[in-house]
Amino acid sequence: MPSPTFEQEVAASRGYLMKFARLQLRNETWAEDAVSETVLAAIAKPQAFERRAQLRTWLVGILKHKIVDALRHQGREVALGQGEDDRADPLDHLPFDAGGHFAERPADWGNPEQDLGSRQFLSVLEACTEKLPAAQGRLFLMREWLEMSSEEICKALSLTPTNLYVQLHRARLRLRECLELNWFARRDAA
Amino acid sequence: MKPLYPLRRTCKEAVALMIAREDRELPRLERWALRLHLVVCKACPSFERQLLTMRQAMGAWRHYSDDESR
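Residue numbers (this note's numbering), protein chains in the order written: chain A, 15 to 204; chain B, 2 to 71.
Please keep in mind that the hints were generated in silico from the structure rather than gathered at the bench. Any given hint could be a false lead.
No farther apart than 20 Å at their CA atoms in a straight line, the calculated lysine to aspartate or glutamate pairs in the DMTMM-like style are these [unchecked claim]:
(1) B/K13 - A/E118
(2) B/K13 - A/D111
(3) A/K145 - A/E42
Label-pair restraints from in silico Cβ distances [said to hold, decoys possible]:
(4) A/Q22 - B/L30: 54 to 60 Å
(5) B/E23 - A/E21: 38 to 44 Å
(6) B/V41 - A/A55: 52 to 58 Å
(7) B/L27 - A/K59: 40 to 46 Å
(8) A/M32 - B/V40: 44 to 50 Å
(9) A/F20 - B/W33: 52 to 58 Å
(10) B/L30 - A/E42: 42 to 48 Å
(11) B/P28 - A/L54: 45 to 51 Å
(12) B/R50 - A/L105: 14 to 20 Å
(13) B/R50 - A/G113: 20 to 26 Å
Backbone N, C-alpha and C fix where the C-beta goes; we use that ideal spot for every residue, glycine too.
Please model the complete structure; the sequences and the hints are all you need to start from.
Have a look at this one:
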């Protein structure tokens, strides 16, 4: 039974959904479209929502499908960095000596399992993800948020595996560096 | 010239393999080479733990994206 409160509740989640759509799509128009489609789909079939689940969980589930459609539709575009980050291998930021061995041991990040669920940590993680160049960020979140396999991503975007792996390699190294600087090193200094 | 030790990897190579492993299955030879490197190297296991922490972090974030009911 569609009640006005259901529609209102759905509409109220718009901002929440936009945050994730923006982060994944890196394009305001695509994000707006995906979220609008999500809201419309949700309102069109309220009976599909089972009260057992959280409303937002359900909405995010729909959003993810709409986003995959958008990414598929854009295809290879999604993975094209406009001359972004084609320079040095980010591996060179790590302290290797001339022989390719660690000149100093990578920092011990401890065993921060509780930290990882904290809101402060998650906002640092989001900020670091947002700072990735657009193409890298999209591909990285296709793996980590949409939980697509590398094969699925290549197929959806008509990418070669090599192309995908190069971008993911860079994204992971950048994210590691950003987290170290903005969370783990800071936490130790505090 | 063929390398004398086909399983020997530098830290830099090991790091590249550890990162690749997050997104694809490594060929058997590389798996063994990496495993061997991690046994003998003092520094790389720390890097491996960092990657594990990142994996856990992404899991926590995914979970949070699903229901931020707090």
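Checked hints:
no., hint, verdict
1, B/K13 - A/E118, "12 Å, holds"
2, B/K13 - A/D111, "9 Å, holds"
3, A/K145 - A/E42, "16 Å, holds"
4, A/Q22 - B/L30: 54 to 60 Å, "59 Å, holds"
5, B/E23 - A/E21: 38 to 44 Å, "41 Å, holds"
6, B/V41 - A/A55: 52 to 58 Å, "55 Å, holds"
7, B/L27 - A/K59: 40 to 46 Å, "44 Å, holds"
8, A/M32 - B/V40: 44 to 50 Å, "47 Å, holds"
9, A/F20 - B/W33: 52 to 58 Å, "56 Å, holds"
10, B/L30 - A/E42: 42 to 48 Å, "46 Å, holds"
11, B/P28 - A/L54: 45 to 51 Å, "47 Å, holds"
12, B/R50 - A/L105: 14 to 20 Å, "18 Å, holds"
13, B/R50 - A/G113: 20 to 26 Å, "23 Å, holds"
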